[in-house]
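*Asks:* Residue numbers (this note's numbering), protein chains in the order written: chain A, 26 to 721; chain B, 581 to 750.
Any given hint might turn out to be false.
[Claimed, not checked] Just a sample of chain B residues kept apart from chain A, beta carbon distances all over 10 Å, derived: (1) 591; (2) 596; (3) 600; (4) 602; (5) 607; (6) 654; (7) 661; (8) 675; (9) 679; (10) 703; (11) 729.
[Claimed, not checked] Simulated coverage check for chain B against chain A, where a stretch passes if three residues somewhere in it have a Cβ under 8 Å from a Cβ of chain A: (12) 625-638; (13) 717-725.
[As the list claims (entries may be wrong)] For the chain A half of the interface with chain B, some residues (derived, Cβ under 10 Å), not all of them: (14) 55; (15) 57; (16) 229; (17) 535.
Hint data in this document are derived by calculation from the structure and do not stem from the laboratory. Note that this is a predicted model, so its numbers are computed, not measured. For each residue, glycine too, the CB sits at the ideal point set by N, CA and C.
The chain contents come next:
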Amino acid sequence: MAKSSVYSVCGMCSVRCPIKVHVNNGQVSFIEGNPHVPAMKGAVCPRGAAGIALINDHERPQTPLIRVGERGEGKWRKASWEEAFDYVADKLSKIKEEYGARAIALTDRGGPFRDIHRAFLRGLGTPNYHNHDSSCARNVQHAALSLTGMGRKAVAYDLKNSRHVVLQLRNILEAVNVQEVNNLMDAMEQGCKLTVIDIRSNVSASKANNFFKIRPGTDYAFNLAVIHEIFDKQLYHKEFTNRYIEGVKELEEFVAPYTPEWAEAETGIPAFDLRRFVKELAKASPSVIWHPGWMAARYLDSFYVCRTIYIINALMGSYGAKGGLPFVSKPGDVGQKGLKSFMDLYPKPEEKRVDGVGWKYKHFEEGPGLGHLLFKAMETDDPYKIKAYIAYRHDPLMGYPDADHIKRMWEKLDLLVSVTFSWSDTAWHSDVVLPLSPYLERESIIATKNALKPQFFVRHRAVEPAYDTRADWEIISGLSKRMGLPELVFETPEDVWNFQLEGTGIKIEDFNDKGMVSLVDKPIYKDFDSFKFKTPSGKIEIISKNLEENGIASLKPYESPRKPKSGEFRMTFGRCALHTQGHTVNNPLLAEQMSENVLWINTLEAQKLGIVHGERVAVSQKGYTETIKANVTDLIHPDAVFVIHGFGHRLKVESRAYGKGLADNNFMSGGMEIWDRAGGAVAYQEHFVTVSKLTN
Amino acid sequence: MSKHYLSQDTKKCIGCHTCEIQCKLNKNLPVGPKLCQVIQVGPKLVGEIPKISFIFMSCFHCENPWCVSACPTGAMQKRAKDGIVFIDKDLCVGCKTCVSACPWGAPQWNPNIGKVEKCDYCMDRIDQGLEPACVSTCTTNCLSFGTVEDATLIRRERHAASVSSFDENS
């Protein structure tokens with residue numbers, strides 16, 4: 026067989042980098058960054074390179090499985106796809122008949138390929154689509170909406186042209202997005218400054234010009250003092266502020282008490298350093314990016330941290346600016362008809378959402394809802410019963426706090442289905458496992474990227490599945506056929522793509538040369554003179570009517586976070602370049618690189634406990650204990666301990682991950698109830714643990 | 581004579597280890613041997629910044645390689661046309677003399693076959709006009725493959741730029 030190559034889209038994390046996959050004799054031989062995307066620079070990250078090991082790994086679900094023992098017991102019978110589809114469709118039909126379509130819910134992890142399974146939910150008639158975002162970036166999204174009326178993705182991060190980048194809820198050099206890394210590196214080569222605010226020294230901090238090791242949970246204090254200093258020294262971008270921000274006076278009055286000296290006592294960051302930093306930042310205005318964050322589900326006031334970040338960007342004039350936060354274009358903005366949507370095949374269900382979003386919680390965006398409140402409703406049957414749940418490429422048992430509680434929340438479900446390409450705690454606990462082909466073995470629907478240079482892109486199948494697994498569209502087709510939704514039944518991927526491309530003037534073959542179709546030749550920086558934000562006034566509104574009407578303060582007075590008691594530490598977590606949360610830990614190549622996490626603990630605190638570097642220690646909370654090796658370092662705040670998330674697997678079917686490291690999510694007892702009423706996200710870092718030497 | 585040179589721009593390296601993974605895939609290596617490896621030193625506080633050094637280590641392809649001199653079977657060799665030091669595994673008896681001889685730990689042990697593995701700059705790839713696997717998809721392009729002369733010039737140019745900056749902030 027000949028050598029060939031195909032343009033595709035990486036699936037090792039949620040960034041979805043464009044890749045070129047080389048195939049030799051039906052086997053993937055090499056993966057590189059798509060050479061037609063300049064900022065990729067031909068690169069992939071370690072996980073992207075290790076995609077080959079994912080498809081060669083037999084330790085993943087290989088056929089449809091139907092549970093024969095108790096939930097979580099791991100007793101399965103193999104099933105054919107026909108049998109598995111029949112089984113799931115039969116249960117769904119019965120549930121729909123008895124409890125109504127609304128009793129069926131699905132969660133996924135967001136992304137550009139959702140249209141077809143969301144259409145399936147609509148076709149059934151249930152409003153209960155959720156994604157993982159209440160465990161991730163919901164606070165960012167709601168902060169953006171509350172100020173500008175536009176979501177977080179309405180702006181691009183123009184890192185390449187930036188003059189000063191601030192990372193507070195984003196760790197660009199470890200939670201790797203290849204294009205972002207390279208654009209930031211290029212900018213820094215040209216003199217762009219980098220400031221990192223974190224509780225520990227991450228890799229991004231190692232390359233920074235400024236590093237502020239902040240007391241955990243006091244970011245809001247720091248940011249309020251930054252705004253105070255901006256007003257005090259009149260450092261705001263006057264033209265932008267006067268023209269585009271409403272409520273400046275209220276803001277200035279609100280931050281009056283929050284001086285840099287006041288913040289120093291809260292954050293531990295010297296007022297002098299904060300002032301010097303703000304002066305530097307203003308010098309780079311408007312080419313400033315204070316990244317509003319990815320994983321911002323941290324503290325109970327993280328929503329307000331995100332709001333202050335957006336406000337600072339606005340005061341720096343970054344919105345719409347080259348090197349700042351320019352607005353992205355959608356296909357329609359550049360005169361291109363958008364993709365035909367599967368969701369538009371069906372009317373939006375009129376039923377109210379089970380999580381209360383849109384009626385009980387009117388200040389939240391409906392789209393992906395709040396996943397933790399879906400699970401809560403499963404437990405309480407309030408406002409109505411949920412009887413079927415599909416975890417679609419999603420592992421809430423590792424991704425949300427307190428797995429034992431979540432399992433109890435799921436007890437009343439009549440059907441729990443996992444669609445997954447890897448084993449996970451959730452898949453193991455399911456009634457039916459529908460094995461998804463890993464990304465190199467499946468194609469996906471065509472997706473739209475709204476950007477400075479908007480495009481359509483597609484994931485091509487690089488090789489045929491090694492096992493009896495299927496692509497998303499094949500799974501949705503199989504279920505739709507049995508659920509009376511013939512519109513979603515497709516025979517070939519070409520049929521799927523032709524449906525989407527209808528009326529766009531673009532053909533499937535147009536994707537062959539580059540894997541994407543650009544809708545414009547050059548990046549478009551929108552004409553800012555005629556720009557209007559999507560608020561009633563057309564400006565950025567500091568006082569949000571939506572928040573205030575729902576009893577939530579737009580400008581919330583600062584509350585000092587609780588300090589850990591003696592011997593206690595705040596449990597914190599983050600990412601590294603080698604792993605994507607839990608789902609790569611069992612990858613043979615990535616497991617070799619990093620098979621377990623370590624506990625970062627401050628040197629002085631470790632000394633008090635008699636703990637030495639490299640020693641295995643016990644981490645405990647409310648009588649529950651796990652052990653882990655200590656990484657004793659000066660470079661973490663003494664109030665916190667830190668681990669890379671995703672470890673501590675307890676499934677024997679994942680031999681390389683089994684029993685390795687500690688699962689931070691097991692130390693968040695009661696965590697499903699600790700969430701931010703203003704921003705909607707779960708607050709993961711409001712939990713405390715003790716650390717001790719192991720006793721024999 | 582050694583023609584090639586693999587250089588690392590440590591300023592850009594983020595210690596992501598993509599190089600190691602691509603290398604292992606290209607050579608189809610089991611768990612254990614790493615023909616290239618990024619070693620992390622730090623973080624260590626330098627001023628206010630917790631600096632980390634990520635140092636790329638593979639084989640230097642020496643002019644007078646210790647490993648070649650030490651090898652009793654002639655398995656470890658130097659390619660005449662371009663000076664690449666490589667191992668002919670058919671001749672390797674697994675005596676590990678090269679492992680002892682190399683001051684930098686370049687020869688690696690493959691436990692599955694009981695023989696040594698070593699960086700050969702991906703001869704198979706460079707003979708096709710491609711870059712070594714480690715260089716080809718380096719996330720930040722901090723690795724580059726060329727001649728020694730190119731590399732020294734790049735270093736001089738960068739240093740020159742850094743000491744004669746026209747940046748208003750400096």
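*Asks:* Beyond 10 Å from every Cβ of chain A: is that where the Cβ of residue 600(B) lies?
*Replies:* Check fails; 7 Å does not lie beyond 10 Å.
*Asks:* Evaluate the condition: distance from the CB of residue 679(B) to the nearest CB of chain A exceeds 10 Å.
*Replies:* Non-interface label on residue 679(B) holds, nearest chain A Cβ at 20 Å vs cutoff 10 Å.
*Asks:* So, residue 57(A) near chain B? Judge it on the closest CB pair being under 10 Å.
*Replies:* Holds. Min distance 5 Å.
*Asks:* Does residue 729(B) clear chain A by more than 10 Å, comparing its Cβ with all Cβ atoms of that chain?
*Replies:* The claim stands: residue 729(B) keeps its Cβ more than 10 Å from every Cβ of chain A (closest is about 23 Å).
*Asks:* Was the hint right that residue 535(A) lines chain B, CB cutoff 10 Å?
*Replies:* Since the shortest Cβ distance to chain B is 26 Å, the answer is violated.
*Asks:* For the hint on residue 229(A), just tell me whether its beta-carbon gets within less than 10 Å of chain B.
*Replies:* holds, 9 Å
*Asks:* Going by Cβ atoms, does residue 596(B) stay more than 10 Å from chain A at every point?
*Replies:* violated, 4 Å
*Asks:* Determine whether the non-interface label on residue 591(B) survives the test: each CB of chain A must be over 10 Å from its CB.
*Replies:* violated, 8 Å
*Asks:* A closest beta-carbon separation below 10 Å is what the hint needs, so does residue 55(A) meet it against chain B?
*Replies:* With a closest approach of 7 Å, the residue 55(A) hint holds.
*Asks:* Would residue 661(B) pass as off the interface with chain A, using Cβ distances and a cut of 10 Å?
*Replies:* Per Cβ check, residue 661(B) is outside 10 Å of chain A; nearest 25 Å; holds.
*Asks:* Taking the shortest Cβ-to-Cβ distance between residue 675(B) and chain A, state whether it exceeds 10 Å.
*Replies:* For residue 675(B), whose nearest Cβ neighbour in chain A is about 26 Å away, the distance exceeds 10 Å, so it holds.
*Asks:* If you count the residues of the stretch 717-725 of chain B with a beta-carbon closer than 8 Å to a beta-carbon of chain A, do you get 3 or more?
*Replies:* Three-residue rule met by the stretch 717-725 of chain B, so holds; n is 5.
Hint compliance for this structure: hints 1, 2, 3, 4 and 17 are broken, all remaining hints hold.
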